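Given chain X, put chain B in place with the hints provided.
Listed below are the residues making up each chain.
Number of protein chains: 2
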Amino acid sequence: MGSLNIDPELQNNSVSCINPLDSEELRRQGHLIIDFIADYYKNVEKQPVRSQVEPGYLSKCLPKSAPNNPEPIEKILQDVHEHIVPGITHWQSPNYFAYFPSSGSVAGIIGEMISTGFNVVGFNWMSSPAATELENIVMDWLGEMLKLPKSFLFSGKGGGVIQGTTCEAILCTLSAARDRILNKIGRENITKLVVYGSDQTHSALQKAAQIAGIDPKNFRAIKTMKSSSFGLSPDSLQLTVESDVEAGLIPLFLCATVGTTGTTAVDPIGPLCDIAKRYGIWVHIDAAYAGSSCICPEFRHFLDGIEDADSFSLNAHKWFFTTLDCCCLWVKNPGALIQSLSTNPEFLRNRASDSKTVVDYKDWQITLSRRFRSMKLWLVLRSYGVTNLRNFLRSHVKMAKLFEELVGEDKRFEVVVPRNFAMVCFRVVPSTLDKEPVNKFNNELLESINKSGKLYMTHAIVEGIFVIRFAIGATLTEERHVVAAWKVVQQHLEANLNMI
Amino acid sequence: MGSLNIDPELQNNSVSCINPLDSEELRRQGHLIIDFIADYYKNVEKQPVRSQVEPGYLSKCLPKSAPNNPEPIEKILQDVHEHIVPGITHWQSPNYFAYFPSSGSVAGIIGEMISTGFNVVGFNWMSSPAATELENIVMDWLGEMLKLPKSFLFSGKGGGVIQGTTCEAILCTLSAARDRILNKIGRENITKLVVYGSDQTHSALQKAAQIAGIDPKNFRAIKTMKSSSFGLSPDSLQLTVESDVEAGLIPLFLCATVGTTGTTAVDPIGPLCDIAKRYGIWVHIDAAYAGSSCICPEFRHFLDGIEDADSFSLNAHKWFFTTLDCCCLWVKNPGALIQSLSTNPEFLRNRASDSKTVVDYKDWQITLSRRFRSMKLWLVLRSYGVTNLRNFLRSHVKMAKLFEELVGEDKRFEVVVPRNFAMVCFRVVPSTLDKEPVNKFNNELLESINKSGKLYMTHAIVEGIFVIRFAIGATLTEERHVVAAWKVVQQHLEANLNMI
Chain X
11 MGSLNIDPEL
21 QNNSVSCINP
31 LDSEELRRQG
41 HLIIDFIADY
51 YKNVEKQPVR
61 SQVEPGYLSK
71 CLPKSAPNNP
81 EPIEKILQDV
91 HEHIVPGITH
101 WQSPNYFAYF
111 PSSGSVAGII
121 GEMISTGFNV
131 VGFNWMSSPA
141 ATELENIVMD
151 WLGEMLKLPK
161 SFLFSGKGGG
171 VIQGTTCEAI
181 LCTLSAARDR
191 ILNKIGRENI
201 TKLVVYGSDQ
211 THSALQKAAQ
221 IAGIDPKNFR
231 AIKTMKSSSF
241 GLSPDSLQLT
251 VESDVEAGLI
261 PLFLCATVGT
271 TGTTAVDPIG
281 PLCDIAKRYG
291 IWVHIDAAYA
301 GSSCICPEFR
311 HFLDGIEDAD
321 SFSLNAHKWF
331 FTTLDCCCLW
341 VKNPGALIQS
351 LSTNPEFLRN
361 RASDSKTVVD
371 YKDWQITLSR
381 RFRSMKLWLV
391 LRSYGVTNLR
401 NFLRSHVKMA
411 KLFEELVGED
421 KRFEVVVPRN
431 FAMVCFRVVP
441 STLDKEPVNK
451 FNNELLESIN
461 KSGKLYMTHA
471 IVEGIFVIRF
481 AIGATLTEER
491 HVVAAWKVVQ
501 QHLEANLNMI
Chain B
11 MGSLNIDPEL
21 QNNSVSCINP
31 LDSEELRRQG
41 HLIIDFIADY
51 YKNVEKQPVR
61 SQVEPGYLSK
71 CLPKSAPNNP
81 EPIEKILQDV
91 HEHIVPGITH
101 WQSPNYFAYF
111 PSSGSVAGII
121 GEMISTGFNV
131 VGFNWMSSPA
141 ATELENIVMD
151 WLGEMLKLPK
161 SFLFSGKGGG
171 VIQGTTCEAI
181 LCTLSAARDR
191 ILNKIGRENI
201 TKLVVYGSDQ
211 THSALQKAAQ
221 IAGIDPKNFR
231 AIKTMKSSSF
241 GLSPDSLQLT
251 VESDVEAGLI
261 PLFLCATVGT
271 TGTTAVDPIG
281 PLCDIAKRYG
291 IWVHIDAAYA
301 GSSCICPEFR
311 HFLDGIEDAD
321 SFSLNAHKWF
331 FTTLDCCCLW
341 VKNPGALIQS
351 LSTNPEFLRN
361 RASDSKTVVD
371 YKDWQITLSR
381 RFRSMKLWLV
391 LRSYGVTNLR
401 NFLRSHVKMA
411 KLFEELVGED
421 KRFEVVVPRN
431 FAMVCFRVVP
441 STLDKEPVNK
451 FNNELLESIN
461 KSGKLYMTHA
471 IVEGIFVIRF
481 AIGATLTEER
491 HVVAAWKVVQ
501 QHLEANLNMI
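Heads up: the protein sequence lines correspond to chains X and B, in order.
Each number in this note's numbering comes from the position in the first sequence (counting from 1) with 10 added on.
Each number in this note's numbering comes from the position in the second sequence (counting from 1) with 10 added on.
What the hints contain is simulated information worked out from the structure, not anything from laboratory work.
Hints are not guaranteed to be accurate.
The list cannot tell twin chains apart, which means a pair is met if one copy fits it or any two copies do.
[Said to hold, decoys possible] Here are the simulated DSS-like cross-link-like pairs (lysine-lysine), alpha carbons at most 27 angstroms apart as the crow flies:
1. Lys227 with Lys202
2. Lys227 with Lys160
3. Lys56 with Lys461
4. Lys52 with Lys464
5. Lys85 with Lys461
In this text the structure is predicted, and so the values were computed from the model without any measurement.
With the rest of the complex left out, here is chain X (with noise of 0.2 angstroms):
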């Protein structure tokens, strides 16, 4: 064990002049910081959306090993602008249409800021009452916006969390629809149980499967077609699930989706709902991306159906304004989390949870600890109210449909799948029946734009179809943004044309 005594640099005392949590000086490094990304938000537009940097570049510019003396903040901003500037990929440049959006917000920042200055950890409702009220608070609204039946709220017995990821989200709700099922069956039929997605899915799912020992083998990734725009068909879902039963296995969860990730397909939940519900199967809506829309009227029919599912998840940090990570998960039967994942040890043992009157989000999740993540939902909600927050996503889709019109005026390109939401898939048209030059054709266009650094699209493969994603909702694009985009895109084509 350590003896204080003999430390020559301690008796030195220099640790004794700094207070690495003063005041003054966090005023002082914090206005320095809140200028340096003001001006990042101000000039973002001028960086290469994708980082133009090369494997292992950064090793080259930084020591290596842990300075032993300080270093002045100024001497480490300057680091952050001339190192790790250009290794990021912009992901809040108005030009940016990869992925999904990743959309931030004054309001969003502000919030995670606040949240960081308190740094609690929340893990039950003793350890920061506030954080657990204002969860539950602030999930009620956004399922009440979201027209959520009352059963996933906390007004009619359910109740929502926020988690990290979507990943999350799925993992403890399959965890908990496994020990509901294992628990009357006997443990030692988790070799049966079976996984339902279609192969649309979010790898997310095959990911959640995997971590809570389902076989391998008994994970389905269900057929979709381009005959029905990629959304899983309860015909499909039928048969496999049958086909499950008769060889003696055990249909356990189906995750359905609301906005796939490859070309925002929707799965349709009322008739799967149907079909799981004859096999006694939990069904997961995983709406990630177009959850936040079901906010406006005109996009809540895609939630139909949803009455009859167990849980329901959207990323607000996607397209909802709020930073990374803030995953809206609402579940009808909280007990049924609760008894997947409670622990109780005797440290975190307190009044407030012997008495059963409070929540404790400790079992509604993986973690322990937990970041106070409710309170840049509370800042978004309110810093822009609910008819402004359906505006916005609205404009995006508004400028979805106009890249849309500008696609379908160029003979040379097509539209691959109906748009949905706010991303449109298209690609340069196929002038032979060969699918493998053309996607060959559209993959090398995509590159020669993303390398220029102008914007940033990435790609789904549908049906054996390289598509090109143009995904709208990084907060700071305009018109003017999707409108010069499709130049680049164009002025791409006819220069790699003129290659060939």
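Frame of chain X; chain B shown alone:
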């Protein structure tokens, strides 16, 4: 599908005047918030440490629904001040001695702000190269500071990853261990796998085992004893493993702890690894709290034997000045993690990943989306430097020694277990052999102190003994707070004795 033409709200074009990510509005609000947070720290000492609110208090202060129209930040901040601050347990108060610390710092807060500002989603290298490469670099820096065997560092074919919390780190390594063995012997053997810890191991292990599909009856919490300072005895492990093997079960995973939550006990890593090696058991070292102290040479011996472990984690957000969340996990064989946790959906395919020259951290953790957490760790390491960081930790240990001496000088109290780091476990000396009334008295003493708001401590129960845990590590704590805290304890003892 939503047609925008018919929507009267959008026709009003009310949205066009608001840019939710306007850089000047961010600057204005950001400066406001920095002052708010700096003022919070300036005055945090005056707050009652444990929140004094009653369950359900917040719903009485806030409206039932989200507002339709925007509200100004000044009004929201007023609500934070009036309604949220009273509901917070002030983990950053210098009088916070509960659980383990969540030791914030200016550098940690600033680092978190920068990553919030960039708001990138660093799931793979391509999605933000700097986020991945900085994490590679700082994890090697910190690994070297801890004198981890080279086999745990990138420079030695191992590597480090920043997870959210220890729960995730354990779940990921357990999942890797499970799949490594099941891929050899068949998935049907999952029901035979056994997980080992002690009765002092953090509940995160049990929870991870539950989530990973380990049969709850195959979870072993091996009994520890006061006579061996609540460390896990190698003999007990050996006997337990032998008996499992004889019963046809398969030993899978051992979690050994350096600094248990109850009493900061240390399991003897070397001898435990020797046994584990004979049975092919994956050994994870959980040093969530105490790990950071091992950057001081005089504490490093607690990690002796680590060269035979498979993985090691510590929470930089606990006792290393890095805001929540920041769990540093090192593994010797990243391939085992990747094998268990990787998914390779088409939409993420890119040349850098295909080239296998980069790290894609999505395959090292549960979630796909991940925050740029290395930024704050980098800022902490650079802003303070290794020498100061060691001395900060030593100053906490020194204060714990002081508190231990104060307890020792008062014959009414006793230190229950030897102090290893910066936590003292003490209680009022029993005047009877009957445990229950003594425990009850100490429990009531603790509750009366916490209720006063003057300081906050929590408890543990070991071998049936209720102990009060005095954990030093809140960054603002100085010697005067420790001395004052001890006086409060004495005063409450006297008051409680008078009440009998």
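Problem - Ascending list of hint numbers which this structure does not respect - result: 2 and 5
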